[in-house]
Amino acid sequence: MKTALLASLAMLALLASAQAQSPKTPADWVQQLGADNLKDRDAASAALLSLGAEARDAVRDALDSKDPEVKSRAQDLWKNLRWFVVPGADRDIKLLVAEADKGNISQETWQAFVHKHGAESIRFVEEIEKLDREESALIPANSSELHQNNYYPGLQAVLDAAQPVEVARVISETDSPKDRANLMSLLDKITPANAQLKTALNWVQIQTALWNYQEAYDFGRDYSLRNPGYEMAQQCAIAVDRGAMFDKVNATAKKDIAGETDPDQLCAKLSFYTGLFVNLEKKPAIDPLYNLLPKDATAKASDASLRRLVETLLSAGMPQRAAAALHNVQSAEGLYMRSAADVQLQNEPLADADWSDAMTQLDDLDDSKKKETFYSLGELMRDWHDERAVVMWQKILAIDPDNTVYDANSCFRMGEFLEARRDYANAAEFYSKGLDIASKINNGVMVATGPDGRSVGSGQQAVLDKIRELKTRAAREKSLFNTPTSAGGGQ
Amino acid sequence: MQFSGLFALLHLVLFIQLPVHKATTHAQTAPAAQAPQQAAQAPMQPAAQPSPTPAPAVAAATPAVAAATPPPKDNGKTLSGIDEAMIWVTSKTPRIKVETARGVSFNIDFATHSALCLSHISAELNTEPRGLTLSFNPTDGLLRASYDKEAKALDIFLRSSKEPLCTLPLKPSTVTTRVLLRQRQQLALFAVPPDGSQATLVWLGTVSYVLNFRNAGQYELCKDLKITMGKRDIPLEEFRSGIKIDALDEIADVVVTGRSPAGEAFKHSYTFDYKDVTKLVDGAYGSFMKAAGNPTTDDEAAAKQPPVQFTQ
Numbered sequence: 001m002k003t004a005l006l007a008s009l010a011m012l013a014l015l016a017s018a019q020a021q022s023p024k025t026p027a028d029w030v031q032q033l034g035a036d037n038l039k040d041r042d043a044a045s046a047a048l049l050s051l052g053a054e055a056r057d058a059v060r061d062a063l064d065s066k067d068p069e070v071k072s073r074a075q076d077l078w079k080n081l082r083w084f085v086v087p088g089a090d091r092d093i094k095l096l097v098a099e100a101d102k103g104n105i106s107q108e109t110w111q112a113f114v115h116k117h118g119a120e121s122i123r124f125v126e127e128i129e130k131l132d133r134e135e136s137a138l139i140p141a142n143s144s145e146l147h148q149n150n151y152y153p154g155l156q157a158v159l160d161a162a163q164p165v166e167v168a169r170v171i172s173e174t175d176s177p178k179d180r181a182n183l184m185s186l187l188d189k190i191t192p193a194n195a196q197l198k199t200a201l202n203w204v205q206i207q208t209a210l211w212n213y214q215e216a217y218d219f220g221r222d223y224s225l226r227n228p229g230y231e232m233a234q235q236c237a238i239a240v241d242r243g244a245m246f247d248k249v250n251a252t253a254k255k256d257i258a259g260e261t262d263p264d265q266l267c268a269k270l271s272f273y274t275g276l277f278v279n280l281e282k283k284p285a286i287d288p289l290y291n292l293l294p295k296d297a298t299a300k301a302s303d304a305s306l307r308r309l310v311e312t313l314l315s316a317g318m319p320q321r322a323a324a325a326l327h328n329v330q331s332a333e334g335l336y337m338r339s340a341a342d343v344q345l346q347n348e349p350l351a352d353a354d355w356s357d358a359m360t361q362l363d364d365l366d367d368s369k370k371k372e373t374f375y376s377l378g379e380l381m382r383d384w385h386d387e388r389a390v391v392m393w394q395k396i397l398a399i400d401p402d403n404t405v406y407d408a409n410s411c412f413r414m415g416e417f418l419e420a421r422r423d424y425a426n427a428a429e430f431y432s433k434g435l436d437i438a439s440k441i442n443n444g445v446m447v448a449t450g451p452d453g454r455s456v457g458s459g460q461q462a463v464l465d466k467i468r469e470l471k472t473r474a475a476r477e478k479s480l481f482n483t484p485t486s487a488g489g490g491q
Numbered sequence: 001m002q003f004s005g006l007f008a009l010l011h012l013v014l015f016i017q018l019p020v021h022k023a024t025t026h027a028q029t030a031p032a033a034q035a036p037q038q039a040a041q042a043p044m045q046p047a048a049q050p051s052p053t054p055a056p057a058v059a060a061a062t063p064a065v066a067a068a069t070p071p072p073k074d075n076g077k078t079l080s081g082i083d084e085a086m087i088w089v090t091s092k093t094p095r096i097k098v099e100t101a102r103g104v105s106f107n108i109d110f111a112t113h114s115a116l117c118l119s120h121i122s123a124e125l126n127t128e129p130r131g132l133t134l135s136f137n138p139t140d141g142l143l144r145a146s147y148d149k150e151a152k153a154l155d156i157f158l159r160s161s162k163e164p165l166c167t168l169p170l171k172p173s174t175v176t177t178r179v180l181l182r183q184r185q186q187l188a189l190f191a192v193p194p195d196g197s198q199a200t201l202v203w204l205g206t207v208s209y210v211l212n213f214r215n216a217g218q219y220e221l222c223k224d225l226k227i228t229m230g231k232r233d234i235p236l237e238e239f240r241s242g243i244k245i246d247a248l249d250e251i252a253d254v255v256v257t258g259r260s261p262a263g264e265a266f267k268h269s270y271t272f273d274y275k276d277v278t279k280l281v282d283g284a285y286g287s288f289m290k291a292a293g294n295p296t297t298d299d300e301a302a303a304k305q306p307p308v309q310f311t312q
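Residue numbers (our numbering), protein chains in the order written: chain A, 1 to 491; chain B, 1 to 312.
With the rest of the complex left out, here is chain B (with noise of 0.2 Å):
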């Protein structure tokens, strides 16, 4: 077999609240004609709060977020990636920009952020070894859902094999639920119908990555500057702008090497935790599902009760 060897994980989002505190659209910088109104109608648009309090100094300021670290060495230090780096889930297109507190955001297009919008729950598949992309296209790819009634599960086909790869535990429910499926840069979603009688790929969309180093600015002066992701060699301009990755599994330590303003040569590595990645990334899906009007309030909770009808 051409993928005997591989074999998929499946691992369920778990819904960790992060709180999310703003919530802006392009629509609202961009020209009138390249603003529709669907993009005021972000989900997470934190509700408006009349207050005669003043609204005075800090509140109104850009945050910095919160250092990471060891105490640094002469000219070395080693730094949490992320800590120092915010996560941008994008899409090709953006239009909408849903900033949580920390950690990750999303600057997504309108169909990736109503398919999030309408997801009850979300998973994402892994593949051992990493970097391999199963696709979900109906026509031509790998991979296909199927409901099991009896067992009450959505399993993950590869598309010839009877046997399922993977087992997605989801109770029927009263109403129509909906199931995200992630796999590198791939978003699936899927219907399944109160009476379980299948699994319909409804929306297949892609989002990429992006790191942003909070940090970044700091080495405009340096010389010499030597910056690599794994790897991969970074130009100073893309490390200023953000790191651009298709999935989370490219993400490797970032090692920034050069002289300093006053030419002292220096070495900042910022290590990834891949599973601290992938936690921090599921957990901001869920937010934002939850954010969006999803009652789940756990990874089992879709199964368990019955989630809100949306209507497409």
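Isolated chain A (complex conformation) (with noise of 0.2 Å):
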């Protein structure tokens, strides 16, 4: 008995022993804020302070605290820790946070943020709209606080560089209704009218991995009616697959088509419905929209819309009313278009007069006219991957003056189509050529472009890097070709 009892106590003392020398939670920090002992409460702020993250939670309780000494103590340390939102990130927050105090954070700085740490940024950037939302008028103009606008392009980092359903998903696992709900009206920031192309693919496709198809397909129409292209019309088919919503979208493109008056934007509306329809693979609603309209409808239409409309229909193997749209168009590229919707009607000859009456059109243009005339031509002959557009950059450069934008741009596409055809010594005096004349234009902008459209740095530099590598590449073709062989030398 004496033993067992000396046992227990043996056991007691160490179990104390243990939680003497136990390490504080938070919230044993948080407490040790109201200490008596000045000592103690800054040694508090302190340990509260280098837990980061992990104090966040605790200290935010803390801001209601009746204390008004931990109140205090917490409303100051809040000022660091709000930011500590993304799972091991304080580091690089506090690197993002002292940036931001010398002046905005760049959007190369968010877009390294992100590729870091994924989806998860989004809570960051939202802390800092939240921070405006709720703040801001506090904050003096000559305040060191974040910058109020700093949350947009953090925004749009996040947009372009996080796998949408990873954004998705962090905004789905929040478990606050309310933090849910501020994740989602941040993402109302961005709106189809300031959006960039890929910012507004990855915006539907987060809204369609929650299950909001109303809202994705809504925000893609509206997009859609504001940009050419086709891949939005792919979203927002998707969000109207999963959400059944075909009926009452065909209804509302019914009356949407049936009450448009004006003709660029009835062409915007009639691309954007044919390329959903066909994405849906509805193509058998896609008639009834066109019975819809009046003669003429798109009689008015400028040449993009109709090269909106026409692209969209001849993708959708319906040459039949891409030549309808443009029956009575006058100008060279409307004729060019008809006569692309003729060949694929197989009507050779209806093409070839087509085709011809372009040509005699651009012909008989003011030398004034002439230039920018050719060169529109040549892009649209260009993005349609035809190669007679050869034709249009050799006449614009065979006329005078030879040293306008025109010139110059002609002479960037000659390069690009001679290094295509592997005549890379031709294609690298085309770009000397081309620099030449661009340097000689007064307030002119070189930009350079890649593959998504966006700049990708100086358009000089990328040139003078084009012609160089050309130029190796001649030389290299060329001691290829010079360097005889055993085997066929003698031949």
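Mixed in with the good hints, there may be bad ones.
To be verified - Incomplete in silico selection of chain A near chain B, CB under 8 Å:
id, residue
1, Lys39
2, Arg41
3, Ala43
4, Ala46
5, Val165
6, Ala168
7, Ser172
8, Leu210
9, Trp211
10, Asp241
Said to hold, decoys possible - Straight-line C-alpha distance at most 27 Å; calculated DSS-like pairs for lysine-lysine:
id, chain 1, residue 1, chain 2, residue 2
11, B, Lys244, B, Lys267
12, B, Lys275, A, Lys282
13, B, Lys267, A, Lys248
14, A, Lys283, B, Lys244
15, B, Lys77, A, Lys248
As the list claims (entries may be wrong) - Beta-carbon label-pair distances, calculated as ranges:
id, chain 1, residue 1, chain 2, residue 2, range
16, B, Thr271, A, Lys79, 54 to 62 Å
17, B, Asp246, A, Phe481, 34 to 42 Å
18, A, Arg422, B, Asn137, 55 to 63 Å
19, B, Lys223, A, Gln196, 42 to 50 Å
Because the hints were derived from the structure by calculation, they are not lab data. Glycine is no exception: its CB is placed at the ideal position from the N, C-alpha and C atoms.
Now that you have both chains on their own, put them together as the hints suggest.
Right under this line is the structure:
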């Protein structure tokens, strides 16, 4: 009995000792913020600050403490700890906050942060936006607090660089309904009017992953009516399909088309709904839309609007509709597009006649307008993979004066064309000539863009790099061609 | 008799022409060493169409298949499985993909591909009750086939029986006629010479099937997911990559329950009608054979017209 009692006492002593040695939790440190001793209070503040993200929730809870000392210290700590919302990113967040204190966080910094920390980065963006929303009135203009518009490039970076489904997962797995609503309203800061294509596509994908099909579709439709391109129609089709919204969308489309009087908007709508229904494999629903149109409904549409519509129709295998939309065009571009539709209809004589008319139209233009019109048509032909575009660029270069922006660009296009044909030496010459012309044009800006259409840095440097690369290739080809081989040297 | 009470139903494939828009081979994506030249000889490769017309926009897009459906109820909806799922006919070591416009596609090995290309007529042998595999294996299988010149029909027998289980009308041709008999996962290719003297088993193979739900991705963020096909539990990963079944008679309604990304309970039912499924697959086999160069236009044409002679 005595032995058992001694053993129990020994166990209790060990337990007490272990408890005394165990590290303090954030809640313990928060409690210590209200200690009698100043040294203890300062130690608690320092400890909580060093804990970073781990102490965030405990400090947030202490913001409403009834102990004025605890509340005051918690508020001080919160200015730093509130940002630590991304798991494992405390150190990078400190750097971002420091950069924000100096001014704005650059787009590049945001992108690097999002690349490293992924979709969770949206929580940090949301925290910045929250500060703007809740406290901007309290921040003096000269404050070193995060500047209010820092969140937007961050939001763009998240939408551009993070996987949409992962962003959706972060939102979906946020337990607090209020925090989830905040994240959702953060997404609403992106609108169809201010979004770039990738941002818009990812926005729609996020909403689709969250089963917000109507929101996804509405955004995608609005974006599509402002911007040409077929990708958004594909995304919208997924939302419509998963949301079983086809009947509703079809009914709305009919009203939308029947009520549209602006020919350019009409082309945009027809193009969108055609692309949407093709992606939904609901092609039979397309014809009834066109049957609603009064005669010559698209007659006054601009070439750009018609081009958008015709591209969609030709891609959908509906050349008859394309030809009908173009039946009374007069411009060279319009005639060219109709000739393309004629080719798809296998009506070669009509295609030749339209092409010929287009050329006659161009030749009849004033010299002052020729270059611009040739270039515009050349760009269309290039986009449609028609090699006859070369003729346009050659015509531009043959017309005086030879120092316009069209000449410079025609040289670059010729360079591109010749490079594809492995004529590297001549391609390099055209690039050099283009660069030479461009450098003499006042107020000119040379822009180099990547495959996604975004700027990839200095245009001049890009052209110089290209010339160097082409010359190297040309030299290599020449040396290969001139090197006699042992087997074939004598032949 | 061990199999008394069973009877086999035979029905012919109707050669419903499904437009085939794409034929790809693994060789196109696999390393060169794994890509023998035959891979490029998929029979349904669409002819290249030289065209100066522009090739922009939607045509290059991945097609989203049409929505199925009754209007959704609040948290539950019933969808036609045949509209929502693509059925893949697959071999164990697939090398050639042949995608049809909708419904059924093939991902098969060279041998199966060749057998399908050589076939002039295809027929499926169904058993009742379903789920019984009757082997055509000549050494120990239960089924055999024999051509009856008098009746102008291909008879299928239980091995020891003298009375045919079923009969496939097949008029003699001026060239060898090849008949592909399908029984659950088995494919048995028989050759009947012009004189109708015999029906020789020339190839025996197996395929399995994969049901790919095109909207499986929508459940990515759902919680408490439970997916079943009939009584079988389907892990989410299998649902995402495609539900594997040995034979079409294993297809049953698929039910997905859980909570949506917003936390609301839901139930999605994908219903399958076995007859519709088999009709669709029959049509796909027929379409495959026809696209491979088989001149038959309907189920009896092989017997009425001389089929093209293929060299093995």
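Tested hints:
Proximity of A:Lys39 to chain B is violated relative to the hint, the smallest CB-CB distance being about 47 Å (cut-off 8 Å). Interface restraint check: A:Arg41 against chain B, minimum CB-CB distance 42 Å, threshold 8 Å, status violated. Interface hint at A:Ala43: violated, since its Cβ lies 42 Å from the closest Cβ of chain B, which is beyond the 8 Å cut-off. Given the 8 Å rule on beta carbons, the hint for A:Ala46 is violated: about 40 Å separates it from the nearest Cβ of chain B.
Because the smallest distance between the Cβ of A:Val165 and any Cβ of chain B comes to about 6 Å, under 8 Å, the interface hint for this residue holds. At its closest, the beta carbon of A:Ala168 sits 6 Å from a beta carbon of chain B; the interface hint therefore holds under the 8 Å criterion. Because the closest C-beta pair between A:Ser172 and chain B is about 4 Å apart, less than 8 Å, the hint holds. With a cut of 8 Å, the hint placing A:Leu210 at the interface with chain B holds, because the nearest CB-to-CB distance is about 5 Å.
A hinted interface residue such as A:Trp211 counts as satisfied when its beta carbon comes closer than 8 Å to some beta carbon of chain B; here the least separation is about 5 Å, so the hint holds. Given hint, A:Asp241 at the interface with chain B, holds; its Cβ is 4 Å from that chain's nearest Cβ, closer than 8 Å. The straight-line distance between the Cα atoms of B:Lys244 and B:Lys267 is roughly 22 Å, inside the 27 Å bound, and the hint therefore holds. Between B:Lys275 and A:Lys282, the direct Cα distance comes to roughly 25 Å. Compliance with the 27 Å bound is thereby established for this hinted pair.
Between B:Lys267 and A:Lys248, the direct Cα distance comes to roughly 22 Å. Compliance with the 27 Å bound is thereby established for this hinted pair. A threshold of 27 Å between alpha carbons decides the hint, and for A:Lys283 with B:Lys244 the separation of about 32 Å lies outside it, so the pair is violated. The hinted pair formed by B:Lys77 and A:Lys248 meets the criterion: a straight-line CA distance of about 17 Å does not exceed 27 Å. For B:Thr271 and A:Lys79, the Cβ-Cβ distance of about 58 Å falls inside the hinted range of 54 to 62 Å, so the restraint holds.
For the hinted restraint 34 to 42 Å between B:Asp246 and A:Phe481, the CB-CB distance of approximately 60 Å leaves it violated. At about 57 Å, the CB distance of A:Arg422 to B:Asn137 agrees with the hint of 55 to 63 Å. With their beta carbons about 33 Å apart, B:Lys223 and A:Gln196 fall outside the hinted range of 42 to 50 Å.
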